[in-house]
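**Q** Given these sequences and hints, build the entire structure.
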Amino acid sequence: MPELPEVEVVRRGLVSWVRGRTITAVEVVDPRSVRRHALGPEDFAGNLEGARVLDVVRRGKFLWLPLADTPAADPAGGAAEAPTPAVALMAHLGMSGQLLMQDSSVSDEKHLKVRLRLSPAEGMPEQLRFVDQRIFGGLFLTSLIPTADGGPGGLAETPLPLIAAEASHIARDPLDPYFSFEEFYRRLRARKTGLKRALLDQGLVSGIGNIYADEALWKARLHFARPTDTLRRAEAGRVLDAAREVMTDALAAGGTSFDSLYVNVNGASGYFDRSLNAYGREGKECKRCAAAGLVSTMRRDQFMNRSSYTCPVCQPTPRNGRW
Numbered sequence: 011m012p013e014l015p016e017v018e019v020v021r022r023g024l025v026s027w028v029r030g031r032t033i034t035a036v037e038v039v040d041p042r043s044v045r046r047h048a049l050g051p052e053d054f055a056g057n058l059e060g061a062r063v064l065d066v067v068r069r070g071k072f073l074w075l076p077l078a079d080t081p082a083a084d085p086a087g088g089a090a091e092a093p094t095p096a097v098a099l100m101a102h103l104g105m106s107g108q109l110l111m112q113d114s115s116v117s118d119e120k121h122l123k124v125r126l127r128l129s130p131a132e133g134m135p136e137q138l139r140f141v142d143q144r145i146f147g148g149l150f151l152t153s154l155i156p157t158a159d160g161g162p163g164g165l166a167e168t169p170l171p172l173i174a175a176e177a178s179h180i181a182r183d184p185l186d187p188y189f190s191f192e193e194f195y196r197r198l199r200a201r202k203t204g205l206k207r208a209l210l211d212q213g214l215v216s217g218i219g220n221i222y223a224d225e226a227l228w229k230a231r232l233h234f235a236r237p238t239d240t241l242r243r244a245e246a247g248r249v250l251d252a253a254r255e256v257m258t259d260a261l262a263a264g265g266t267s268f269d270s271l272y273v274n275v276n277g278a279s280g281y282f283d284r285s286l287n288a289y290g291r292e293g294k295e296c297k298r299c300a301a302a303g304l305v306s307t308m309r310r311d312q313f314m315n316r317s318s319y320t321c322p323v324c325q326p327t328p329r330n331g332r333w
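Quick note on our numbering: the sequence shown kicks off at 11 and runs consecutively.
Calculated from the structure, these hints are not laboratory results.
Where hints are given, some of them may not hold.
Once the Cα atoms are required to be at most 30 Å apart in a straight line, the calculated DSBU-like pairs of lysine-lysine come out as [stated by the list, open to error]: (1) 229 <-> 297; (2) 202 <-> 229; (3) 202 <-> 120.
The calculated label-pair distances, taken between Cβ atoms and stated as ranges, are [as the list claims (entries may be wrong)]: (4) 48 <-> 171: 22 to 30 Å; (5) 131 <-> 247: 50 to 58 Å; (6) 45 <-> 168: 44 to 52 Å; (7) 293 <-> 79: 52 to 60 Å; (8) 307 <-> 132: 31 to 39 Å.
Every residue, glycine too, gets a C-beta built ideally from N, C-alpha and C.
**A** Written out as C-alpha cells, the structure reads:
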C-alpha cells in the first residue's frame, strides 16, 4: 500500500496542475472504481461537472479535492467572495491506484477507470485520469465537516478547518504542523501495547505504515515490541523525530517504489527504497553496527500478518515485549 510520502508526492504534484481549474466533463470508464459513491456513476459525474477544484488536501494517507461551484459575479462589480466548500472528491489509491495528469493526445492506459476533463490552462495537461490495475482503489464524493480541534483538515495550500467525513476519525500525522506531541505521548502511554502496533494505529498517529515504521524504529534504536507504557518521553520523541526524518527523506526521493504501479502524477517512480536501512534487509548486515565495527545481521519477524525487520544488537528484544 502507498504510505504517507507516496501520497504526499501525489498531492504536491496534483495541486500545481488542478487547483483553480473547473471539471468540465467526467467519463466513468469502469463503474467499479466509483462503487464507493452510493448514488452511482451518473450522480458522481453529474455532481462533478461544473465544479471548481479549490485545493488538494492530505491527512495521513487520505487525499481529497475540496470542490465549489464557480463563484457568481458580484452585482456591485466587486470581487466575488471565495466560496466555502461543502463537498470533496475523495481519492482512495488502494494497492495500485494512480492519478495521472495527461494531455488528450496521450493514448488511454489499459487500466483507465475514470477521466476528468479540466478547463484549459496554458501549458497544463487537459485531463486527470484515474488508473487502477487491481481495482482496490476508487473515487467518490464526500461531505466536508468541521475538524474536531478547529485546525486545518490536513496539509494544503490554503488550509481550511474542514475535513473529509471519511478521514475525520484519523489522527494528525507527524508532518502536520498541528500535530500535538503531548496528546500523542499521553495516549501512547495509555495504550499498553507494542510500539509498532501503536505507530500503525491511524487513530493515534496517521500516515506511518509498515515500511516507515520499521525505518523509524531502526533509526530510533527501539524494538517494535517495546511496551508503550514503559516509553520515556525522550524515547517517544526520538521515534517521532525518526519518523519525520525518514518520511522527509522519502519525500525528497519521490517516495518508495517496490512496485512500478507506485508513481507520481507524471508517471515517475520514487527511489527511496535504495536508502532503506531496515525494511526488506533480512540476512544483511546492520549498516549502523557495521560502521561501528560490530557484526550483526538484520532479522525478520512475523508481525500482524506482515513482517518486521530489526537489528538484534542495536534494537534488542525487550524481555516484556508486546507483539
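**Q** Output the indices of the hints that this structure fails to meet, ascending.
**A** 3, 5, 6 and 8
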